[in-house]
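Using the sequences provided together with the hints, build the complete structure.
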Amino acid sequence: MKEAKKYMNPYLGGVLLGLVLIVAFWVSGRGLGASGAPKAALVAGINAIAPSHTANTAFYQEYLGGHAHPLKSWLVFEMLGVLVGGFLSGAVAGRLKFKVEKGPNVTSKVRIIFAVFGGILFGFGSQLGRGCTSGSALTGMAVLSAGGFITMAAIFGTAFGMAYFVRKLWL
Amino acid sequence: MGPLIVNEIISPNTNLLIAFLIGIGFGFVLEANGFSSSRRLAGMFYGYDTTVLKVFFTAAITAGIGLLFLSLFGWIDLSFIYINPTFLWSAIGGGVIMGAGFILGGYCPGTSFCAAAIGKLDALAFIGGILIGIVIFMEGYPLWEGFFKAKYMGSPLLSDWLNMSRGLLAFLIAIVAIGMFWVGEWAEKKFARDDYEINQH
Amino acid sequence: MKPRLILASVILPLGLIIAAVPPNTTKAYKLTAGQLLNEVRENLQFIHPDQVADMLIQKDPSLQLIDVRSKAEFEKFSLPGAINVPLENLLSEDYEYYINQDVKLNVFYSNGSTDANEAWMITRQLGYKNNYVLQGGLNYWVETIMNPEKPASTSPNEEIAKYDFRKAASSALGGGGGDIAPAATELDAPAAAPPVIKNKKKKRVQGGC
Numbered sequence: 034m035k036e037a038k039k040y041m042n043p044y045l046g047g048v049l050l051g052l053v054l055i056v057a058f059w060v061s062g063r064g065l066g067a068s069g070a071p072k073a074a075l076v077a078g079i080n081a082i083a084p085s086h087t088a089n090t091a092f093y094q095e096y097l098g099g100h101a102h103p104l105k106s107w108l109v110f111e112m113l114g115v116l117v118g119g120f121l122s123g124a125v126a127g128r129l130k131f132k133v134e135k136g137p138n139v140t141s142k143v144r145i146i147f148a149v150f151g152g153i154l155f156g157f158g159s160q161l162g163r164g165c166t167s168g169s170a171l172t173g174m175a176v177l178s179a180g181g182f183i184t185m186a187a188i189f190g191t192a193f194g195m196a197y198f199v200r201k202l203w204l
Numbered sequence: 011m012g013p014l015i016v017n018e019i020i021s022p023n024t025n026l027l028i029a030f031l032i033g034i035g036f037g038f039v040l041e042a043n044g045f046s047s048s049r050r051l052a053g054m055f056y057g058y059d060t061t062v063l064k065v066f067f068t069a070a071i072t073a074g075i076g077l078l079f080l081s082l083f084g085w086i087d088l089s090f091i092y093i094n095p096t097f098l099w100s101a102i103g104g105g106v107i108m109g110a111g112f113i114l115g116g117y118c119p120g121t122s123f124c125a126a127a128i129g130k131l132d133a134l135a136f137i138g139g140i141l142i143g144i145v146i147f148m149e150g151y152p153l154w155e156g157f158f159k160a161k162y163m164g165s166p167l168l169s170d171w172l173n174m175s176r177g178l179l180a181f182l183i184a185i186v187a188i189g190m191f192w193v194g195e196w197a198e199k200k201f202a203r204d205d206y207e208i209n210q211h
Numbered sequence: 036m037k038p039r040l041i042l043a044s045v046i047l048p049l050g051l052i053i054a055a056v057p058p059n060t061t062k063a064y065k066l067t068a069g070q071l072l073n074e075v076r077e078n079l080q081f082i083h084p085d086q087v088a089d090m091l092i093q094k095d096p097s098l099q100l101i102d103v104r105s106k107a108e109f110e111k112f113s114l115p116g117a118i119n120v121p122l123e124n125l126l127s128e129d130y131e132y133y134i135n136q137d138v139k140l141n142v143f144y145s146n147g148s149t150d151a152n153e154a155w156m157i158t159r160q161l162g163y164k165n166n167y168v169l170q171g172g173l174n175y176w177v178e179t180i181m182n183p184e185k186p187a188s189t190s191p192n193e194e195i196a197k198y199d200f201r202k203a204a205s206s207a208l209g210g211g212g213g214d215i216a217p218a219a220t221e222l223d224a225p226a227a228a229p230p231v232i233k234n235k236k237k238k239r240v241q242g243g244c
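Residue numbers (the working numbering), protein chains in the order written: chain A, 34 to 204; chain B, 11 to 211; chain C, 36 to 244.
Don't take every hint at face value.
Stated by the list, open to error - Result set (DSS-like, lysine-lysine): computed pairs, CA atoms no more than 25 Å apart in a straight line: (1) A:Lys201 <-> B:Lys200; (2) B:Lys199 <-> A:Lys201; (3) C:Lys94 <-> C:Lys139; (4) A:Lys39 <-> B:Lys200; (5) B:Lys200 <-> C:Lys37.
Claimed, not checked - Some, not all, of what chain A presents toward chain B, calculated at C-beta under 10 Å: (6) Lys39; (7) Val48; (8) Ile79; (9) Leu113; (10) Gly118; (11) Leu161; (12) Ser169.
Note that these hints are calculated values from the structure, not bench results. Since we're looking at a predicted model, the values are computed, not measured. Just so it is clear, CB atoms sit at the ideal spot from N, CA and C, and this is done for glycine as well.
This is the structure:
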């Protein structure tokens with residue numbers, strides 16, 4: 034069997050990621066982010082399907098009131114790029130494969146269920162916290178933002194705290 | 011002189027195009043470092059794979075110190091870059107919920123997109139979950155609007171709170187980060203698992 | 036060598052440098068009262084009408100005249116290429132682009148020099164550079180440039196040279212060579228209309244997740 038291609042050295046990877054961040058700041062004045070993109074897509078989608086609903090619900094009114102077309106946002110384009118970039122890297126390294134990644138002690142089905150559940154929590158939490166790990170934690174730390182540090186501490190602290198209780202999922 | 015968009019050296023549409031290119035870079039680096047693997051991400055919290063720690067902190071200190079140097083050379087005006095606002099309660103509350111989501115789902119939004127791009131089905135499930143979670147937030151918005159908007163503190167910097175210069179804080183973070191790298195390497199040896207291979211250069 | 040060590044040995048010295056270097060002043064640097072007093076006493080902010088006239092004739096692009104009088108007075112008479120920033124609106128955001136920059140040489144002027152001097156003091160206190168005051172204001176300008184006084188034939192060459200220059204300047208600047216009364220009268224402004232103030236608010240970046 035072909036030996037799996039190795040991943041990049043993490044320190045090198047970190048430096049490269051830091052450089053990507055610097056470029057983002059230098060060109061666009063902002064750092065990276067992720068959770069805003071699915072939100073923008075959802076708002077655009079819901080608005081297209083049910084405009085009467087968006088006109089009457091508090092959140093959409095606030096959001097649409099302040100923005101141009103939601104899909105014309107920096108984050109949406111960035112996440113499209115992430116898809117392409119991830120695919121390219123996977124292709125180059127021969128890691129393109131449909132599979133369910135999971136710990137050795139759970140079934141795929143359980144893993145998928147928890148993935149969905151985790152996603153729901155993360156989707157909700159990222160809206161509440163105004164950012165996810167890329168936007169708040171990574172970018173926030175790079176600009177020394179207090180909010181970024183707080184969010185990051187909360188995310189990692191909670192994850193560490195819960196790790197023991199859900200260890201069956203991964204270990 | 012940066013940021014380019016502010017000084018109108020590039021147009022908003024070019025900005026979007028560059029966002030796409032930056033995204034490609036971001037996605038590539040994430041995947042190449044194995045962030046497309048949920049076991050790797052979760053490994054951070056069990057010690058058997060601390061790649062997240064290394065990449066994250068290295069990126070943060072590289073970018074942090076890099077930006078300060080750029081500012082020193084006058085190539086960027088730091089007063090124009092976006093600093094995320096601090097709403098104390100929602101930052102903590104959102105962070106806690108996200109932390110739970112992280113350990114249960116094994117991804118965060120950025121990495122899930124990256125993993126989905128190479129075919130991970132659990133990442134696809136995670137993204138589905140994200141969409142549901144966002145819809146829940148949006149629909150029920152009035153219920154938590156108060157909490158969401160509570161305790162707005164502007165966009166303070168940690169260096170302001172700790173009453174030190176940015177450069178000094180960046181340096182301290184760098185020291186902490188480097189210390190963590192040694193802890194990480196130790197943890198990987200101690201908590202290594204038979205069925206998991208770190209597989210990196 | 037282990038990547039960690041390479042990284043540490045690069046990042047730590049860089050971090051040390053960035054920590055030791057005083058923070059880059061992208062925030063406005065304010066003068067202390069003492070510093071301002073010193074500058075005021077040395078009268079370094081004044082620019083003589085001769086210099087301004089010279090720059091105008093040469094069409095020096097770095098000159099930016101700023102009229103701090105009211106709009107009505109500005110429209111009645113203004114120096115070529117001047118923009119109008121009435122003193123009470125000096126700190127409005129619209130004009131920050133003009134008074135807080137380090138490319139052009141701003142010269143505040145008013146009828147006398149009191150208002151212009153006030154404008155200078157305020158902007159200097161905020162740390163803005165490149166702002167000056169037209170010495171003597173418009174009144175002195177008219178006296179020296181528009182209506183240059185002919186020196187006696189026994190005056191030193193320097194004086195005569197200055198007079199010649201001013202006469203030339205006044206014709207070039209629409210002064211008619213010496214019969215214009217100070218500010219009160221109408222004057223045919225030279226062909227170009229005062230430049231339109233561009234609303235150059237720097238864009239605020241958007242961001243966040």
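Could you check the structure against the hints above and give me the numbers of any it violates, in ascending order?
Every hint satisfied by this model.
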